[in-house]
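Asks: Heads up: the protein sequence lines correspond to chains X and E, in order.
If you read the first sequence in our numbering, its first letter stands for residue 1101, the second for the next number, and so on.
If you read the second sequence in our numbering, its first letter stands for residue 1101, the second for the next number, and so on.
There is no bait here: all hints are sound.
Far from chain E by the CB rule (all over 10 angstroms, computed), these chain X residues:
| no. | residue |
| --- | --- |
| 1 | A1143 |
| 2 | T1165 |
| 3 | L1177 |
| 4 | R1179 |
| 5 | A1242 |
| 6 | G1407 |
| 7 | R1410 |
According to the in silico footprint, chain E covers these stretches of chain X (three or more CB under 8 angstroms from chain E):
| no. | stretch |
| --- | --- |
| 8 | 1117 to 1129 |
| 9 | 1260 to 1273 |
Since the hints were made in silico from the structure, they are not lab data.
These numbers were taken from a predicted model, which means no experiment stands behind them.
A virtual CB, placed ideally from N, CA and C, is assigned to each residue, including glycine.
2 protein chains.
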Amino acid sequence: MKRRPQPWIEAFAPATISNLGPGFDCLGLALTKLGDSVRVRRAIAPGVTISAIEGDQGRLPHDPTANTAGVALLAMLDRYAPTAGLEVTIKKGLPLGSGLGSSGASACAALVAADAALGLGLGHDQLVELAREGERVACGAAHPDNVAPSIVGGVVLIASVAPLRMISLPRPEKLWIAVYTPGCSVSTAAARAALPARVPLDACVRNAARLGMLIDALHRGDLAALGEAIVDELVEPVRAGMIPGYLDAKAACLEAGALACSISGSGPTTFAFSDDEARARALLEILEECFTNHGVAGKGFIDQVGGGARVSSAPLH
Amino acid sequence: MKRRPQPWIEAFAPATISNLGPGFDCLGLALTKLGDSVRVRRAIAPGVTISAIEGDQGRLPHDPTANTAGVALLAMLDRYAPTAGLEVTIKKGLPLGSGLGSSGASACAALVAADAALGLGLGHDQLVELAREGERVACGAAHPDNVAPSIVGGVVLIASVAPLRMISLPRPEKLWIAVYTPGCSVSTAAARAALPARVPLDACVRNAARLGMLIDALHRGDLAALGEAIVDELVEPVRAGMIPGYLDAKAACLEAGALACSISGSGPTTFAFSDDEARARALLEILEECFTNHGVAGKGFIDQVGGGARVSSAPLH
Chain X
1101 MKRRPQPWIE AFAPATISNL GPGFDCLGLA LTKLGDSVRV RRAIAPGVTI
1151 SAIEGDQGRL PHDPTANTAG VALLAMLDRY APTAGLEVTI KKGLPLGSGL
1201 GSSGASACAA LVAADAALGL GLGHDQLVEL AREGERVACG AAHPDNVAPS
1251 IVGGVVLIAS VAPLRMISLP RPEKLWIAVY TPGCSVSTAA ARAALPARVP
1301 LDACVRNAAR LGMLIDALHR GDLAALGEAI VDELVEPVRA GMIPGYLDAK
1351 AACLEAGALA CSISGSGPTT FAFSDDEARA RALLEILEEC FTNHGVAGKG
1401 FIDQVGGGAR VSSAPLH
Chain E
1101 MKRRPQPWIE AFAPATISNL GPGFDCLGLA LTKLGDSVRV RRAIAPGVTI
1151 SAIEGDQGRL PHDPTANTAG VALLAMLDRY APTAGLEVTI KKGLPLGSGL
1201 GSSGASACAA LVAADAALGL GLGHDQLVEL AREGERVACG AAHPDNVAPS
1251 IVGGVVLIAS VAPLRMISLP RPEKLWIAVY TPGCSVSTAA ARAALPARVP
1301 LDACVRNAAR LGMLIDALHR GDLAALGEAI VDELVEPVRA GMIPGYLDAK
1351 AACLEAGALA CSISGSGPTT FAFSDDEARA RALLEILEEC FTNHGVAGKG
1401 FIDQVGGGAR VSSAPLH
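Kindly produce the complete structure, drawing on both the sequences and the hints.
Replies: Next up, the structure:
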């Protein structure tokens, strides 16, 4: 039976904004417009074979043990289907090293497609645990703050990393987000290495209080308070200097009425919040102009908070 | 008209549990059963005269510039009624140096009584700003995490200290709290001096994530998650050693099914949470036994989250 060609199953996993202000390493949200698509089918040979990667300008490894999607799938087979084999093709919709959870999205899409192909029916916790294994290859740490929202959708708080404890928060339906990726790259590993090992206790208290305020704002649907809470004095000061034009862009956005403006992940993608679609479009133009003026023109879009990774092609199990 | 004797107005302000787990310096709640009562009446002589203090074993200063209630009232007169005079009597219902917000409760009760006596009609923010001035005398820092819940009631997050930004959170109506004050004293100033100036970034992240979980749990009315979030790796490790028997008591409470057990304020008062009144009573007995075994027998009670400071005698304005 395994000799008959198996059907391809394609899944999509969204880009994510992580390190949401005071939520460094513990809070992220899923976008809708960008993401990676991965096709998976059962294969005769056990293990994982990555047969094609598109949209990465040849930068990603086909060796499954070095590829985030490959590593996540190998972990899935190891734990849940040790004798199975998978063939995989990856279509990157996300720019690499952008701070939008590119490495995580491939792993999440691959896992959701493979889960369907193998009929495993894994839950969110299990999928995120597997996707984290991919993150370990990508950035040296199995941080779940990108893969959790990419799998679950909406806004996700990682209340605890070990054991994994994810909390799905009320989705801010009326939030509009301008997302702009300047044309420079920031290595996640380098951005992480630049972080302070210790922080002042009072800054730590202020950060926790702001995260508390942010969670409260989500529950109350208070976008103004949500924006007010998006202040990061722990990592933004270090990372701002790695993104030419960031501080200018942030000041301009806030002056133009953004509810908040900060760095997504380790950057260079910069996001700005608004409660209004037209305002978000204006903020995107401001981001475009500021970064272009600093010689790092890139590209952007406006978006809203969206759902998690899902199968995007029949047949479903 | 000012020569006629003016009526006394009495106000009550509740004890508070502050430093709630991950909410060091930013989260507190009001209790119902213990508190300070302060009587205030208008006097002819301008300024503040403290004519009597009961229940303090003679330990509190009558000089208003050295007494938390006096300082708070002087600040009130300075800002809102510069020519007025107040006579004050204080009845301490709260043990001093217990970690239950004793210094703050006197200031809060005094302010609420004086607000009524002077007909000022101040709001919560204004009262908390004044009460903080009292805290500056008591512990060297104008921390609002005791006075905010004592004024506002319920559970209060201090989202920002300057400018003051308080968030009143959903009250956990079904929460029962065993509160035990061992017979030893911890100086707030000494407890604060023992704190680390800097903390590891990853501990800071875990702390913020737990506070986020706690706020989410309050909004969802999930007492189990609330308890799970009450973990403090920043200050408890330092302060636990200042309270004989604390670690034993905590272990025994958790083993007996407490949802959480931690230190209130800078201690030595220890609290344990339950979703059940009978269980809370059993936890109180456990606390009593553990601290007695360690030679620091004290006293305790079971309680629930309650309202804020209020006038407890007619006439109201």
